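Undergrad: Residue strings, one per chain:
Number of protein chains: 2
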Amino acid sequence: MSDAQTSGSTSQAPGFYRFRIGAFEVVALHDGVVVRDRPAGFVRNASDEEVGEAFAALGMPRDKLTLTFTPLAIRTGNGVVLIDTGFGEGGPPGTGRTLSNLAAAGIAPEEVSTVLISHFHGDHIAGLRRKDGTPVYPKAEIAVPEPEWAFWMDDARMAVAPEGLKPNFGLVRQAFGPDAGSVRRFGWGDEVLPGFTAIQANGHTPGMTAFTIGSGNESMMFVADITNNPLIFARHPDWQAMFDMDPEQTIATRRRILDQAAADKMRVSFYHAPFPATGYILRNGSGYEFAPALWTNPAG
Amino acid sequence: MSDAQTSGSTSQAPGFYRFRIGAFEVVALHDGVVVRDRPAGFVRNASDEEVGEAFAALGMPRDKLTLTFTPLAIRTGNGVVLIDTGFGEGGPPGTGRTLSNLAAAGIAPEEVSTVLISHFHGDHIAGLRRKDGTPVYPKAEIAVPEPEWAFWMDDARMAVAPEGLKPNFGLVRQAFGPDAGSVRRFGWGDEVLPGFTAIQANGHTPGMTAFTIGSGNESMMFVADITNNPLIFARHPDWQAMFDMDPEQTIATRRRILDQAAADKMRVSFYHAPFPATGYILRNGSGYEFAPALWTNPAG
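Chains A and B, in that order, are what the protein sequence lines are. Numbering-wise (this note's numbering), the first sequence opens with residue 1 and increments by one. Numbering-wise (this note's numbering), the second sequence opens with residue 1 and increments by one.
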């Protein structure tokens, strides 16, 4: 099936969506969708039946795990900042569309001046590099969270890592590859670029980072994976997904950021929300609700 | 600003989105967006401050009324059914994109075999006819709810209608025009076309109709305007919008359909939800929550 807009009656529209934050143009990019069997124990502290019921209520197959992936490109007027890369060429079928959707939005890979990385899972970093090892964004500086780098680039830790974690150590080395020496590392609280501030969001991984993006008097936050699908985990903020490395810290981070988003009425973009994956957080009993932003066309 | 995909760096992706219901392909079409001053008393039984606060929590300007419009086209394998038309050529700036988005989705106006109308407000029927009076869908049968027709086509009622309602009587006559004699009228409960059943949904207007759309073992419901923006009115199901002609009946209809959608875990498409305007209804305290469906690409 083709992504081309007019090539066939079953093609989808290109998966990009623009909106404005002050003078910045933010473009949400659809990297794709993965549907796989839902692993037993996907949520550590809820029964598989309860989780299946929550999935079914959202129209998702009860026994499947459906995930979408949404990097952001931000035209700042002084270069294009890409936040996370999607899977690139080597991901599961149905993914790897970031580059073609970037092209559909009129942005060439050479225009990307900075790639900001939230954390070092494959769906966020594997798209840095082609299968042949060449960088996808040849002119971009790559900037990553220092605590994430410290954890995953520690060879001693890799040597003693549990088997389940070892592939990700390898993937990280492949993604940064020969350019590892030139990767910029930033700390939580740093203004990484004008208008972009790194926010502590660890738990899912040891160094996961959210970013506030501000221009003029407008701002938003890219919250990365503080939830897997927020339709599930905003409603059930205390559910611990099996992908979260530190469950307690994950939940503390999730509640802090969702509380702030609700209090500040701040636009947020999730990596795993339904495309275009941007909206607002409302308090809802003991949990939260993700409310999608209005889609405007032309870009508003 | 152009809608063309690659004509400029600020163009939005085409506003269509495909999904499947059994053997049917459903295409959500973005007719556009209107932002206007929010009239005082927009919600009859809530204060303007309370309503403004609810808008702001969703990232919508507090004192503006932001509305989007989403007709559906359904390829049935035996013709294309269009449900509601958008504003057509004569609507407010930023609207009237149904036809161009239909083209972007690869559907020619001549392929539309039936236009189903939910109710007779301009954003749902004005796109039946061009400014010069020619029909936009030349080969389509037009099918409308009998109780809606009975109300608006009653010349005696028009003569004594309150001033505020008179323009809509005129608009209805303009939209059906010389073809009024060939318009098909259906009743609530009728299977209007194979797989399409008319569901009583009056209140917003005297004859408003929802449609269930079923193929194989899958089904969904187009719920028309049982809410203005469902992000607001699903959370506040007892709020009475000033556009609802019979407030009590509107709320009874809204609760009946939202209850059913939540109980049946049934996909619903709203006319005024954020594009692609399709998702699921969850119970939420004394109200409901609209959860968008996952966006898949390629069309799933």
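Please note that the accuracy of each hint is not assured.
[Said to hold, decoys possible] Below 20 Å or equal to it, Euclidean Cα-Cα: the simulated EDC-like pairs (lysine to aspartate or glutamate) are:
{"id": "1", "chain 1": "A", "residue 1": "LYS64", "chain 2": "B", "residue 2": "ASP155"}
{"id": "2", "chain 1": "A", "residue 1": "LYS265", "chain 2": "B", "residue 2": "GLU49"}
{"id": "3", "chain 1": "B", "residue 1": "LYS265", "chain 2": "A", "residue 2": "ASP48"}
{"id": "4", "chain 1": "A", "residue 1": "LYS139", "chain 2": "A", "residue 2": "GLU163"}
{"id": "5", "chain 1": "B", "residue 1": "LYS64", "chain 2": "A", "residue 2": "GLU50"}
{"id": "6", "chain 1": "B", "residue 1": "LYS265", "chain 2": "A", "residue 2": "GLU50"}
{"id": "7", "chain 1": "A", "residue 1": "LYS265", "chain 2": "A", "residue 2": "GLU218"}
{"id": "8", "chain 1": "B", "residue 1": "LYS166", "chain 2": "B", "residue 2": "ASP246"}
{"id": "9", "chain 1": "A", "residue 1": "LYS131", "chain 2": "A", "residue 2": "GLU53"}
{"id": "10", "chain 1": "B", "residue 1": "LYS265", "chain 2": "A", "residue 2": "GLU89"}
{"id": "11", "chain 1": "A", "residue 1": "LYS64", "chain 2": "A", "residue 2": "ASP37"}
{"id": "12", "chain 1": "A", "residue 1": "LYS265", "chain 2": "B", "residue 2": "GLU50"}
{"id": "13", "chain 1": "B", "residue 1": "LYS64", "chain 2": "B", "residue 2": "GLU49"}
{"id": "14", "chain 1": "B", "residue 1": "LYS131", "chain 2": "B", "residue 2": "ASP63"}
{"id": "15", "chain 1": "A", "residue 1": "LYS139", "chain 2": "A", "residue 2": "ASP155"}
{"id": "16", "chain 1": "B", "residue 1": "LYS265", "chain 2": "B", "residue 2": "GLU248"}
{"id": "17", "chain 1": "A", "residue 1": "LYS265", "chain 2": "B", "residue 2": "ASP246"}
{"id": "18", "chain 1": "B", "residue 1": "LYS265", "chain 2": "A", "residue 2": "ASP63"}
{"id": "19", "chain 1": "B", "residue 1": "LYS64", "chain 2": "B", "residue 2": "GLU110"}
{"id": "20", "chain 1": "A", "residue 1": "LYS265", "chain 2": "B", "residue 2": "GLU89"}
{"id": "21", "chain 1": "A", "residue 1": "LYS131", "chain 2": "A", "residue 2": "ASP63"}
{"id": "22", "chain 1": "A", "residue 1": "LYS64", "chain 2": "A", "residue 2": "GLU110"}
{"id": "23", "chain 1": "B", "residue 1": "LYS131", "chain 2": "B", "residue 2": "ASP155"}
{"id": "24", "chain 1": "A", "residue 1": "LYS265", "chain 2": "A", "residue 2": "ASP246"}
{"id": "25", "chain 1": "B", "residue 1": "LYS265", "chain 2": "A", "residue 2": "GLU49"}
{"id": "26", "chain 1": "B", "residue 1": "LYS64", "chain 2": "B", "residue 2": "GLU50"}
{"id": "27", "chain 1": "A", "residue 1": "LYS265", "chain 2": "B", "residue 2": "GLU53"}
[To be verified] Derived, one-sided and incomplete: chain A residues facing chain B with beta-carbon distance under 10 Å:
{"id": "28", "residue": "ALA56"}
{"id": "29", "residue": "PRO178"}
{"id": "30", "residue": "GLY181"}
Hints listed in this document are in silico derivations from the structure and should not be mistaken for laboratory results. On a predicted model such as this, the values are computed, not experimentally measured, just so you know. Don't be surprised by glycine CBs; every beta carbon is placed ideally from N, CA and C.
Undergrad: Compare the structure with each hint and give your call.
TA: Here's how the hints hold up against the structure:
1. A:LYS64 to B:ASP155: Measuring from Cα to Cα gives roughly 56 Å; hence the hint is violated.
2. A:LYS265 to B:GLU49: Within the cut-off at roughly 16 Å; holds.
3. B:LYS265 to A:ASP48: 18 Å, holds
4. A:LYS139 to A:GLU163: 35 Å, violated
5. B:LYS64 to A:GLU50: Cα-Cα ~40 Å, so violated.
6. B:LYS265 to A:GLU50: 15 Å, holds
7. A:LYS265 to A:GLU218: 11 Å, holds
8. B:LYS166 to B:ASP246: 17 Å, holds
9. A:LYS131 to A:GLU53: 39 Å, violated
10. B:LYS265 to A:GLU89: 36 Å, violated
11. A:LYS64 to A:ASP37: 4 Å, holds
12. A:LYS265 to B:GLU50: Answer holds: LYS265 of chain A to GLU50 of chain B is near 15 Å, not above 20 Å.
13. B:LYS64 to B:GLU49: Holds, at about 12 Å.
14. B:LYS131 to B:ASP63: 32 Å, violated
15. A:LYS139 to A:ASP155: Violated - the C-alpha atoms of ASP155 of chain A and LYS139 of chain A are around 28 Å apart, more than 20 Å.
16. B:LYS265 to B:GLU248: 26 Å, violated
17. A:LYS265 to B:ASP246: 33 Å, violated
18. B:LYS265 to A:ASP63: 15 Å, holds
19. B:LYS64 to B:GLU110: Answer violated: LYS64 of chain B to GLU110 of chain B is near 37 Å, above 20 Å.
20. A:LYS265 to B:GLU89: Given pair LYS265 of chain A, GLU89 of chain B is violated - Cα atoms ~36 Å apart, limit 20 Å.
21. A:LYS131 to A:ASP63: 32 Å, violated
22. A:LYS64 to A:GLU110: Given pair LYS64 of chain A, GLU110 of chain A is violated - Cα atoms ~37 Å apart, limit 20 Å.
23. B:LYS131 to B:ASP155: 23 Å, violated
24. A:LYS265 to A:ASP246: Roughly 28 Å between the alpha carbons, so the hint for LYS265 of chain A and ASP246 of chain A is violated.
25. B:LYS265 to A:GLU49: OK: LYS265 of chain B and GLU49 of chain A at ~16 Å, within 20 Å.
26. B:LYS64 to B:GLU50: Holds - the C-alpha atoms of GLU50 of chain B and LYS64 of chain B are around 14 Å apart, at most 20 Å.
27. A:LYS265 to B:GLU53: 10 Å, holds
28. ALA56: OK, holds: ALA56 of chain A within 10 Å of chain B, min 6 Å.
29. PRO178: 32 Å, violated
30. GLY181: Given a least distance of 34 Å, the restraint on GLY181 of chain A is violated.
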